[in-house]
Structure formats: structure tokens, C-alpha cells
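With the hints as your guide, set chain B onto chain A.
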Amino acid sequence: MSVLVYTENWDGKFKKLSFELVSYAHEIAKMLNTRVVALSIGCVSNDELLKLGDYGAAEVLSASNDCCKNLDNQVYSHIITQAASKADANVIIMAHNNIGKALAPRLSVRLKAGLATGVLSLPQSVEPFTITRKAFTSKAMARITINTPVKIVTLLQNAFGIHENPTSAQIEVFNPDLSAVTAKTIIKEINKVTGKLLLTDAEIVVSGGRGMKGPENWGGIEELAALLGAATACSRPVSDEGWRPHSEHTGQTGKIIAPDLYFALGISGAIQHLGGISGSKCIVAVNKDPDAPIFEAADYGIVGDVMKVLPEIIAAVKEIKQG
Amino acid sequence: MKVLICISNVPDTTTKIKFVNNNTAFDKSGVQWIINPWDELALTRALDLKDAGAGIESITVMNVGLADAEPTIRKALAIGADKAIRINADPVDSFQVASLLADAIKKEPCDVVLCGIESCDYNGASVGGMLAELLDLPSVSAVSFLNITNGKVELKREIDGGQESIEITTPFVGIVQKGIAKDPRIPNMRGIMMAKTKPLQVLEPSAAEKLAIVGSFDLPKAKAACKKIDPDNVKELVRLLHHEAKLI
Chain A
1 MSVLVYTENW DGKFKKLSFE LVSYAHEIAK MLNTRVVALS IGCVSNDELL
51 KLGDYGAAEV LSASNDCCKN LDNQVYSHII TQAASKADAN VIIMAHNNIG
101 KALAPRLSVR LKAGLATGVL SLPQSVEPFT ITRKAFTSKA MARITINTPV
151 KIVTLLQNAF GIHENPTSAQ IEVFNPDLSA VTAKTIIKEI NKVTGKLLLT
201 DAEIVVSGGR GMKGPENWGG IEELAALLGA ATACSRPVSD EGWRPHSEHT
251 GQTGKIIAPD LYFALGISGA IQHLGGISGS KCIVAVNKDP DAPIFEAADY
301 GIVGDVMKVL PEIIAAVKEI KQG
Chain B
324 MKVLICISNV PDTTTKIKFV NNNTAFDKSG VQWIINPWDE LALTRALDLK
374 DAGAGIESIT VMNVGLADAE PTIRKALAIG ADKAIRINAD PVDSFQVASL
424 LADAIKKEPC DVVLCGIESC DYNGASVGGM LAELLDLPSV SAVSFLNITN
474 GKVELKREID GGQESIEITT PFVGIVQKGI AKDPRIPNMR GIMMAKTKPL
524 QVLEPSAAEK LAIVGSFDLP KAKAACKKID PDNVKELVRL LHHEAKLI
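Taken in sequence, the protein lines are chains A and B. Residues 1 to 323 in the numbering used here are what the first sequence spells out, letter by letter. Residues 324 to 571 in the numbering used here are what the second sequence spells out, letter by letter.
Read the hints as simulated data drawn from the structure, not as lab findings. Positions of the beta carbon are idealized from the N, C-alpha and C atoms, including for glycine. The reader is advised that the hints may include incorrect statements.
[As the list claims (entries may be wrong)] For lysine to any residue, the following SDA-like pairs were computed, each having C-alpha atoms within a straight-line distance of at most 25 Å: (1) A/K16 to A/N191; (2) B/K406 to B/K430; (3) B/K544 to A/E296; (4) A/K15 to A/K192; (5) B/K546 to A/K15; (6) B/K550 to A/Q272; (7) A/K192 to B/E487; (8) A/K281 to B/K430; (9) B/K351 to B/P543.
[Said to hold, decoys possible] Computed Cβ-Cβ distance ranges for the label pairs, DEER-style: (10) A/D291 to B/P528: 20 to 28 Å; (11) B/K558 to A/Q170: 48 to 56 Å; (12) A/P245 to B/D374: 23 to 31 Å; (13) A/T130 to B/S529: 24 to 32 Å; (14) A/Q170 to B/L389: 46 to 54 Å.
So that you can see chain A by itself, here it is in the shape it has in the complex:
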């Protein structure tokens, strides 16, 4: 018996979400009176693998063959299935991101395992296994019960947080048998920015809407983000107009995020936008319309012209940062 965590790394370094997943798995393992086994796919150094122990992994399976380099949903599902069987896993934890969404459903079918996606907190009980997940794009929560022997849970990022549970992790090289599967996803080209803070990993997010009036005014958003070590985001009209890339769009049809602090600058807060950000711990809104729905979701609000208010926020933050 065990709780298996599918970890993700980014150029050989674990993503922050991996530590959160292990922390979360550690609590479920306590409820089940069992241990956490973490699975790492790809080239990750031993020092890095050991870090998973800091959050509660008792064992780390490291699959680093060449065939694991690129994400092929069928190949990865085979690897995770074999890891689940090796670890005798009865709960599998993954992130509720593009990768988790690609793999968890395939695993659910392979393992005949009930699947709870977009989970926000620990199960209410493990016997029966009852857990709350978001539904209706965060406008409601659904409480579901899974009765299959193996359960799969995908956790919303930043919903649980990272907690240290020092454990000395044992590392094991894991060589899955992939003779029965071939990678059919042929990757021709990868375009990615490295060294940039990922929107879903960020603790603080500075987001701009139509109130910013045009892409030429984004300097202020970027400056505030840089000062706070934050990621930048935007509302749907902004990405639809091409002012900012789609990858920055937060909301119902874009990215769902739950940072500690979210700045909604010149965003009116249509219900679709709120669906993507309502998990944020603290929301600050600046909008010139006092009746804008964003103020219903916000913790702190300023009714005013963002073009005038933003430079003043930047100045005040600089003052605080300088002590």
C-alpha cells in the first residue's frame, strides 16, 4: 500500500508543484497509515531527487531512460501504471495542470481507478474515499465518493501549499518495460522561455485588463511584477486583442490560478474571469467603475483610474522595499 505522487520537473529541477504534491500526499498517507512513493520521469540529479524527502517522500522512483525525454501520453501512462503496480499504490496524486489533465484520465481507464480532478483540499474521509473538487468553474464545489480500489486525485496548484516533513528518501532507479508501447507524438520543435517565473507557480500575480487601454501601457504591469517577484497575467479581451499572449490569459477558458496575492488592474471581473482567479488568497482590484463585479471578489479595492493609480502603487512598493 502507498500513495504515489507523479512529480514534474523543469529542465531537471523540480517544479514547485512537485513539493506541494508530495506535502499533500504525505497527509493522505498519514490518513491511510502508509508511505509516500514519488515518481520522477526524466533526467534529475540525485541531490535534486533527495529534496522530495524534505516534504515527506519515503521512496523515489527515478525513470530516466532516453525514451522518457518527451511527453508521449501513451508512453507516460505505461510508466506510471508500472510505477503504481510496483509501489502497490492505492492513491495516485498528480497536478491539475496540462500534464495532469493529459495523463490522469488515461491512467484512470488503465487502472479502472476513480478520478477526482481539480481537488482543493484533503479528503473528508478515506473510508469511504470522499473528496471535494471544484465544479462549474469554481462557482461551486462537488463532493464526490470513489469506491474503486485505486483512486486518482489531481490537485489544483497552490491550493494546499508546501509543508516540510523531513524524511530520508530512498532513491531507486526505475526501468519500466516499454516494449508494448511506441511514442507516436513526434516533437519537431520546442519554443519556450527559460528562467521566467511560471504563472501557475507564482505567489504573486499582476494582471491587467482592458482598463490598461493598450499593449504600450504594459510597462507598469511588468515593473510592478518585477518589484514583487511576481508573474504577469491578463484578462480574456486582452489576449483576444493580441495585446498579450494567450498563455497569460487567466479565467474560465484560460488558466486557473490560486496565488497568494492577485492584482486585478483595470479588470472589470466578468464572472468568467472570476472563475479563474477566485482561489487567490488575496485579491486587490483597481477599477474606475465602482460597480465593477471585481470589487465583490476583492479583498482590497481602489475605485480610480488604473493609469493614475498604478504608478503610485509602484512608487509605494519601492519605498517599502527600500525599507
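Here is chain B on its own, set in the frame of chain A:
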């Protein structure tokens, strides 16, 4: 090349969500129904490719739902799908939806299956992946670009901080997200008239298992009122974030 798009009938994205029967069922009263936005984008891209002469012979839409889903299905026909299939069931979980779709698709072979990455009602984000596994087909998820030329399929997949360009051979399941098409089509009068005569086949469901059971729903707790700060005293906001919320 035959393209099949799985479409879900969902409440309009502006719907105020309410529940009935002791919070165990979604309150459908007064709700406007639409094609799930991601499914609609997939359909839009397929229609654009067909119009551009990409060699798409037919576009079929498939839905798992009761007769009340038919206006939404007709809309898909009105904007240009050639044919529709409705599997007559009121499913309880994504696995059941995927199983019903898989059984129907096995009888209706196609080259490209497209699904939206999630639906804006239950947000399971699982039907596409489950369907691919049940059909034993490769799948690519988070697809933000699709092109088909002379039978060759090119995709772009969203990854952290960027995109991957991918080639894949058919048949496969593409699970699409935003970016794949910009503006959904609006049905015109001619399309609406034509939709009435296009085939909408109703299949009785096969026996499918369920893996998860929804017990009840809750609405999120009401938030405390927003603390308003004087626009002439912006410093106060930053002071509160620093001293009270301790976030910066």
C-alpha cells in the same frame, strides 16, 4: 479525412449556479444552454480547415445527452457540421461519458477525434484522455494549434513557458484549448434552415460503468466585503498589504 468532434451541452458561462434536491442536482431552470466553449473552438477550427480545402471529407459532432441537448446539437449543424449523433443518456461521471463515446466511435470510424480540454459545467478535464485510452489511440492534450495538409497533421501543444510543435499520424485524439480558433461562428439563416434537414442520429446507450459518484454540491462561502481605499491615498493600500495582509 473524417473528423469527429465531441460536444458537451453546458450552461452559458454567465449562468448563476444553483442546486436543487438538497444540493444534489444542478438547477436547470431558466438556464441558457450552449456548446461547451472549448468544443466549439475545436469545431470552428475543423470547419475553417474544411473550408480551406484541407481534405476534410466530413465533420460529425457527437454528444452524450438527453433530448433537451438537441437545440445545442442543431446549432453545431447550423454553423457547418455535416452530421450529428446523440447518445441518449444522462451520464453521471466522465468515465461513463467516455465509454459511451468510445462504443459509438468504434462503429463510426474517423481519422481525427477532437474534444475540448474540459467542460465548463463539471470541469472534469477527463473525457478526451479517457476516450483516447479506451480507443487505444494516441492523444495530444492542450492543443492550441491544428493544421491538416495532404493528410499530414501538425499540432502545437502548450507547455510551461511555451509551446511544442508536434507531428502525429492519424487516427488520434486531439484535446484542445484556447488559441486553436479565435471567434466561434454565428449561425446564419441559411445554416439554421439547412440544419433542420441534416441527419441527427439518436443512439441508445451501451452499458457503461461509473467510477466516481457525486454526492452533493456546495456553493463557495461568501467573501468578506472589499476594503475600499481612498484613490488619493494609494500608499495606504501598499501599507495594508505589507503590514496587515503581510503579503509584500
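Tell me if the straight-line CA distance from A/K192 to B/E487 falls inside 25 Å. Measuring from Cα to Cα gives roughly 8 Å; hence the hint holds.
Check: So does A/T130 sit 24 to 32 Å from B/S529, Cβ to Cβ?
Finding: With a Cβ separation near 29 Å, A/T130 and B/S529 satisfy 24 to 32 Å, so the hint holds.
Checklist entry - CA of A/K281 to CA of B/K430, is that 25 Å or under? => result violated, 49 Å
- If you check the beta carbons of A/Q170 and B/L389, does the distance land in 46 to 54 Å? holds, 53 Å
Take the C-beta atom of A/D291 and the C-beta atom of B/P528, compute their distance, and say whether it sits inside 20 to 28 Å. violated, 47 Å
Under the criterion that the straight-line Cα-Cα distance not exceed 25 Å, is the pair B/K550, A/Q272 satisfied?
holds, 23 Å
Between the alpha carbons of B/K544 and A/E296, is the straight-line distance 25 Å or under? Distance of about 13 Å is within 25 Å: holds.
Quick one, are B/K351 and B/P543 close enough, alpha carbons at most 25 Å?
With Cα atoms ~19 Å apart, B/K351 and B/P543 stay inside 25 Å; holds.
ask   = At the C-beta level, are A/P245 and B/D374 separated by a distance inside 23 to 31 Å?
value = Holds: the Cβ-Cβ distance is about 27 Å, inside 23 to 31 Å.
**Asked** Keeping to a limit of 25 Å between CA atoms, is the pair of A/K16 and A/N191 held or broken?
**Response** holds, 22 Å
So if I understand the rule, the pair passes when the alpha-carbon distance is 25 Å or less; does B/K546 with A/K15 pass?
violated, 31 Å
Are the Cα positions of B/K406 and B/K430 separated by 25 Å at most? The hint holds at about 15 Å.
Taken one by one, the earlier hints fail for this structure at numbers 5, 8 and 10, listed in ascending order.
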